[in-house]
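Number of protein chains: 2
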Amino acid sequence: MMTDPALIDELKTLVEPGKVLTDADSLNTYGKDWTKQFAPAPSAIVFPKSIEQVQSIVRWANERAIALVPSGGRTGLSAAAVAANGEVVVSFDYMNQILEFNGMDRTAVCQPGVVTAQLQQFAEDKGLYYPVDFASAGSSQIGGNIGTNAGGIKVIRYGMTRNWVAGLKVVTGKGDLLELNKDLIKNATGYDLRQLFIGAEGTLGFVVEATMRLERQPTNLTALVLGTPDFDSIMPVLHAFQDKLDLTAFEFFSDKALVKVLGRGDVPAPFETDCPFYALLEFEATTEERAEQALATFEHCVEQGWVLDGVMSQSEQQLQNLWKLREYISETISHWTPYKNDISVTIAKVPAFLKEIDAIVGEHYPDFEIVWFGHIGDGNLHLNILKPDGMEKDEFFGKCATVNKWVFETVQKYNGSISAEHGVGMTKRDYLEYSRSEAEIAYMKAIKAAFDPNGIMNPGKIFSLKPEA
Amino acid sequence: MMTDPALIDELKTLVEPGKVLTDADSLNTYGKDWTKQFAPAPSAIVFPKSIEQVQSIVRWANERAIALVPSGGRTGLSAAAVAANGEVVVSFDYMNQILEFNGMDRTAVCQPGVVTAQLQQFAEDKGLYYPVDFASAGSSQIGGNIGTNAGGIKVIRYGMTRNWVAGLKVVTGKGDLLELNKDLIKNATGYDLRQLFIGAEGTLGFVVEATMRLERQPTNLTALVLGTPDFDSIMPVLHAFQDKLDLTAFEFFSDKALVKVLGRGDVPAPFETDCPFYALLEFEATTEERAEQALATFEHCVEQGWVLDGVMSQSEQQLQNLWKLREYISETISHWTPYKNDISVTIAKVPAFLKEIDAIVGEHYPDFEIVWFGHIGDGNLHLNILKPDGMEKDEFFGKCATVNKWVFETVQKYNGSISAEHGVGMTKRDYLEYSRSEAEIAYMKAIKAAFDPNGIMNPGKIFSLKPEA
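Sequence order for the protein chains is L and E.
For the first sequence, position 400 (counting from the first letter as 1) is numbered 400 according to UniProt numbering, and the numbering increases by one without interruption.
For the second sequence, position 237 (counting from the first letter as 1) is numbered 237 according to UniProt numbering, and the numbering increases by one without interruption.
These aren't lab readings, by the way, just hints derived from the structure by calculation.
It should be emphasised that the depicted structure is a prediction, and the values quoted were computed from it without experimental measurement.
Be a bit skeptical, because a hint or two may be false.
Which copy? The list can't say, so a pair holds if one copy fits it or any two copies do.
Think about it this way: if two alpha-carbon atoms lie no more than 27 Å apart in a straight line, the pair counts; the simulated DSSO-like pairs of lysine-lysine are [stated by the list, open to error]: (1) K445 / K244; (2) K445 / K174; (3) K126 / K19; (4) K174 / K324; (5) K349 / K126; (6) K256 / K126; (7) K393 / K36; (8) K405 / K324; (9) K126 / K244; (10) K126 / K393; (11) K340 / K405; (12) K19 / K49.
The following block holds chain L by itself, in its conformation from the complex:
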């Protein structure tokens, strides 16, 4: 796309010396995220250090018809931050400061390159809490979290990233700097444009500053792991606990997932009884009474036959160990080259949906091992299919392409989402119509055209084609 060295020289004048890289290593590193399907091929990586520099880059890109790709922690799972077509990657690695803290409003003003764990630590140092948390928190950046509306393991209590964005500064595809919502709790002055930029995957503009809300720290977090006789029993267990407690998490995983994690040898089994499914739930045991309520509900679930065995953490160490049963799954099964899909339906539909996927895959590919886990309290399922030993990768992924179609057709039938929390990017753009109607997609493209008339902002992400200018 951009081979002219004169253009690179122009770009260099817009930022500080040394802040444009074109060496092969940098292009390869900054041109990709955690997905592997697309070969990185950017023209250059640029590192702005101020909002003004971002604006200059966007204005220059408009004049020169250069495509820009935003780059945060590059932990995305939908190739939304992959530059595979000669784009210029705009990395926010040097805009990584927490600029301001406001204790009365409980907010922190962040540059987009602030790492999630950095904000979590900052909050803790202030006696507060940033509750959005997920496996990649150690490297994902706030700007990227906002671009994908990141979710994770505490959504049932705290919601998605969207809930924690008090205000946003963005540079639109036209180069305008907008200051959206001004960190207010109540602001009824027309369309809340802030909401459009959350989850837009950088296709409307760049987030250049974000005021994030913080929360009081949770007290005495306590986890239970419960084994159930079948998947259906997980639902009344969720219902029973939600009636009594404000849950901070409600996760599930299958015995197949547990066996793999226990096979590592560094995590103790939760209890002796083998069960086909497990629920992990967490709550604040603020008082003795609260903990007793949890135990009473547990006993009630056992009496009802919904739970076969269970354990409740009695210390921070036990809490951590129970969480490892869930958190280690993804990494552990990665050795089996899994096909992965991140989908959601409403909570009530989860059991029927899961059974239907199991049946379709089992009928056609009986040798495929399906590992389910996910955030069941949000209706968010992570479907993982392990490559059978001895099957070639190509054959496996060929078969998985068929599975993909079945999964999305079933998602559509159940009125669910083809991407619960990973985004659309390039990996799911060709399937968007399974979740969004033709009319919706047309309105989305019209909005894109209003903010980015020249189609320079992360083109080819979310939508297959550039919107008409």
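Please arrange chain E on chain L, whose structure you already have, making use of the hints.
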């Protein structure tokens, strides 16, 4: 605008018999909301009973270039639902059913004409809770709540209406039916168009169905009313209590407001000490320990000199009585023909902002009595100025027009909102640029043009001019 009786006859063919009204009483009733500035002058009132009928009306209005005004409970305070220019009013009074309940997802599918209190009662009957609450809950409708992103007295804990909308069906200005977000908790498939319609005041389309989230019921709600020696002391009190408890409300009012309410004779004084300002806060006293924590914090605030006196409710009756001190203010002071304004700043800026307004008004109009109250935990202040006895209404409102300008200039200086929760409608459209930049307004108009290219949806609301088609 629409004087042709043939058009009325066309309109009648789109709905059930008797569901178009043109008598003077109906035009007057359905043509206005709680604001008084604009004389109602609609051409007709139409009452659709189905989504299909709404679509027919919108398509017809596009063909005939007829302006439509949505009408809910008509309790708005910004004239967003006023038809002053021959528009056809679309009332949702006959689309007022709760269609579906889902206990596992804790959602209720509502038609737009469901009254807020009806949903609150429905939730209670199911052992759940709909937490958005405000003075007009007995007549405001869900569709209108969504159109204005209604807030109210529990925002500090539960957020605005926005937080409770799981899914929306809307008919856009082009007549398309969109099913937005499908009631999912996690859905990362492009722009969240649902968010655009929340707070759009009917300028992009009509909400024709909404899936609302419900919550577990609060336990043993308990209120404290605390008297403070000055306004500034309210802030550390908020801070101290928020550190220890999840507050469900944090309101404030001045002695001037209290005196007026006590003057009614039907509400007992909270305690004997006279104080210039009062805070009302509420929390769930789920356990004995929690109530003791509240008392200890109260004592700490007294020791620090932030609180002069206070009382904590010990029964449901006492809780109700304490709330009356706050809830009766608006109705009580209405006898003084007050100038009202609903504004917000970030919480930390509240004291300086309030003092600056007091100073400006006091300097120019020393005979004006200013009554402050509001949702201070959200930075939302209700400014009320009472008409001095003996001053003519015209003179008073003439002077208040000047006050308006000072208030909005001060709001702009403090980076606040000219409308915290009442919306823009017609009453604040000419002041929009005090809160939103020229570029933001241009993007809003472009979005409006995408959803409503012929400008038939509630024209003249939010924006002064019709967007270019």
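Status of K49 relative to K19 across identical chains (alpha carbons, at most 27 Å): within (9 Å within a copy, 61 Å between copies)
Homo-oligomer pair classification [K393, K126; C-alpha up to 27 Å]: Neither, since 49 Å and 51 Å both go past 27 Å.
Homo-oligomer pair classification [K19, K126; C-alpha up to 27 Å]: neither (33 Å within a copy, 60 Å between copies)
Identical-chain pair category, K349 with K126, by Cα at 27 Å: Cα proximity of K349 and K126: across copies only (20 Å, versus 41 Å in one copy).
Alpha-carbon proximity between K445 and K174, which holds within one copy, between copies, both or neither at 27 Å: both (15 Å within a copy, 15 Å between copies)
Same-copy or cross-copy closeness of K256 to K126 [CA-CA at most 27 Å]: Neither. Shortest intra-copy (41 Å) and inter-copy (37 Å) distances fail the 27 Å Cα cut-off.
Intra- versus inter-subunit Cα pairing at 27 Å for K126 with K244: between (31 Å within a copy, 15 Å between copies)
Homo-oligomer pair classification [K324, K174; C-alpha up to 27 Å]: neither (45 Å within a copy, 51 Å between copies)
K340 and K405: within-copy, between-copy, both or neither at 27 Å Cα: within (13 Å within a copy, 57 Å between copies)
27 Å Cα threshold - placement of K36 relative to K393: within (13 Å within a copy, 71 Å between copies)
Intra- versus inter-copy proximity for K244 and K445 (alpha-carbon distance at most 27 Å): The answer is neither: 44 Å in one copy and 47 Å across copies each exceed 27 Å.
Status of K324 relative to K405 across identical chains (alpha carbons, at most 27 Å): neither (32 Å within a copy, 59 Å between copies)
Hints 1, 3, 4, 6, 8, 10 from the list above are not met by this structure, while the remaining hints are.
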